[in-house]
Amino acid sequence: MSNILYALLWFAVISGVLGLILAFASRLFAVKTDEKAEKIAEILPGANCGGCGYAGCSALAAAISEGKAPVNACNSVSKEQIDAIAAIAGVASASEGKRYRAQVMCSGTNELAQKKYVYAGINDCVSANKLAGGDKLCPNGCIGLGTCAASCKFDAIHIINGVAAVDYEKCRACGACVSACPKGIIQLIPYDAKHWVGCSSRDKGAVTKNYCSVGCIGCKICEKNCPSGAIKVDGSVASINYDLCTCCGICEQKCPRKIIWSARSQSEEGIIRFKQDLSL
Amino acid sequence: MTIGSLIGILITSILIENYIFSRFLGICPFLGLSEKPSTAVGMGCAVTFVMTISSAVTWLVYTFILVPAGLEYLKTIAFILIIASLVQLIEMFLKKSVPSLYTALGIYLPLITTNCAILGAALLCIQNEYNLLESIIFSFGSAVGWTMAIVIFAGVRARVAFSETPKCFKGTPIALVTACLIAMAFAGFQGVELPF
Chain A
1 MSNILYALLW FAVISGVLGL ILAFASRLFA VKTDEKAEKI AEILPGANCG
51 GCGYAGCSAL AAAISEGKAP VNACNSVSKE QIDAIAAIAG VASASEGKRY
101 RAQVMCSGTN ELAQKKYVYA GINDCVSANK LAGGDKLCPN GCIGLGTCAA
151 SCKFDAIHII NGVAAVDYEK CRACGACVSA CPKGIIQLIP YDAKHWVGCS
201 SRDKGAVTKN YCSVGCIGCK ICEKNCPSGA IKVDGSVASI NYDLCTCCGI
251 CEQKCPRKII WSARSQSEEG IIRFKQDLSL
Chain B
1 MTIGSLIGIL ITSILIENYI FSRFLGICPF LGLSEKPSTA VGMGCAVTFV
51 MTISSAVTWL VYTFILVPAG LEYLKTIAFI LIIASLVQLI EMFLKKSVPS
101 LYTALGIYLP LITTNCAILG AALLCIQNEY NLLESIIFSF GSAVGWTMAI
151 VIFAGVRARV AFSETPKCFK GTPIALVTAC LIAMAFAGFQ GVELPF
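Chains as they are written, first to last, in our numbering: chain A, 1 to 280; chain B, 1 to 196.
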């Protein structure tokens, strides 16, 4: 019995000393927590996508509570959530930011685009891009090995039939895929944009025709027919200025290459499938 | 206890009896934190710090308190107490000075407490009857070996992530298979007798 008591006594002493050391250390290393920032961080999605420009949701929450960031900086929160954040931060609420989506400006699927070699290397667009710009003949075409899909935290971009396609509903316009793409052909356009030019080719029309059966040849028929002057051809490829576009659809009808797509209906998975949508 | 024997202890603990590939201690954070090389390095530094200091402190407590009091049989409990307190201390220190590492390590920092590698280092020092200096060198070497193993593995896993693994193997299964293959490579070190 006395043995047990003896051991217990020694352990009480050891534990007591350790407890005192920890108590002292907790005073020494105390971190002041910002309660407002913690409450705001609970409302934010927590995906840490970086679309707001801050290094993660807790960084944005801290910035909002200090007044450095607007309450509608995050693209993924609803109006009620913005009101709640504004109430915690003690500032006036704001309207939702304009919603954007990512769009891959390439339509070169396996059937439509030509390839220059058979690639059998690392399954990554950045690696393939180092070998003479990837296996597609067009130097500005989507390589289709999925670096953008791997970088998306919201599972919103996938490779379908050799080219990347964005799921509009899931996309949060955080810009991860835009920076991940080694060709730089993913753009952020307004979520409501009804038309877009699915090509980024910087080569003359005759050359583009060899690269791919749907590439933009810069013929300017769209530019001549646009009633609001929203679509312009700068040298080799057309692009739409969404501030001026009225969604009339004339450019889509007139395009001889059928390279201007419209966001009509989406398939069950919510991903545009190029060949199937041609009939819609 | 010559310089030669100390170097021998160091090399043995880093390469020949590597904590992960030969002794299979500390596998939980090894598999859990090896997906990004930067997190792996951070975890390795934390483990090195904890292992070295805890081995020293546990050796001192064992030699100067437990042995004179005749309480050697309670060393496991005592060592766990000391290791837990040390990890708490390090958590507080990290939260204050390097918050990014603190959030990156997340749940794995308190898991170092129950990590068998730390307790293993402390107990092995006693079992091998090292003195204080040898214990410190042994545990430092063990931790360096552990860090080396997790960083190598993180690099390999980054490459494996780009390959087309069969769907049923994606993630942890292929990681375990890869770890086995590396362990087999390290088995080549076994039985190496250092001449000092």
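Hints may contain errors.
[As the list claims (entries may be wrong)] With beta-carbon atoms standing in for the labels, derived distance ranges:
1) Lys116/A / Leu194/B: 36 to 46 Å
2) Lys96/B / Gln114/A: 55 to 65 Å
3) Gly121/A / Gln190/B: 48 to 58 Å
4) Ile107/B / Leu20/A: 51 to 61 Å
5) Lys95/B / Asn110/A: 49 to 59 Å
[As the list claims (entries may be wrong)] With a straight-line Cα cutoff of 20 Å, these simulated SDA-like cross-link-like pairs (lysine to any residue) come out:
6) Lys254/A / Ala230/A
7) Lys32/A / Pro99/B
8) Lys36/B / Ala230/A
In short, the hints are calculated from the structure, not lab data.
By construction, the Cβ of each residue, glycine as well, lies at the ideal position given by its N, Cα and C atoms.
Structure-based check of all given hints:
1. Lys116/A / Leu194/B: 36 to 46 Å: violated, 56 Å
2. Lys96/B / Gln114/A: 55 to 65 Å: Distance hint for Lys96/B, Gln114/A holds at roughly 59 Å.
3. Gly121/A / Gln190/B: 48 to 58 Å: violated, 36 Å
4. Ile107/B / Leu20/A: 51 to 61 Å: violated, 27 Å
5. Lys95/B / Asn110/A: 49 to 59 Å: Holds, at about 51 Å.
6. Lys254/A / Ala230/A: holds, 15 Å
7. Lys32/A / Pro99/B: holds, 12 Å
8. Lys36/B / Ala230/A: Violated, at roughly 45 Å.
Taken one by one, the earlier hints fail for this structure at numbers 1, 3, 4 and 8, listed in ascending order.
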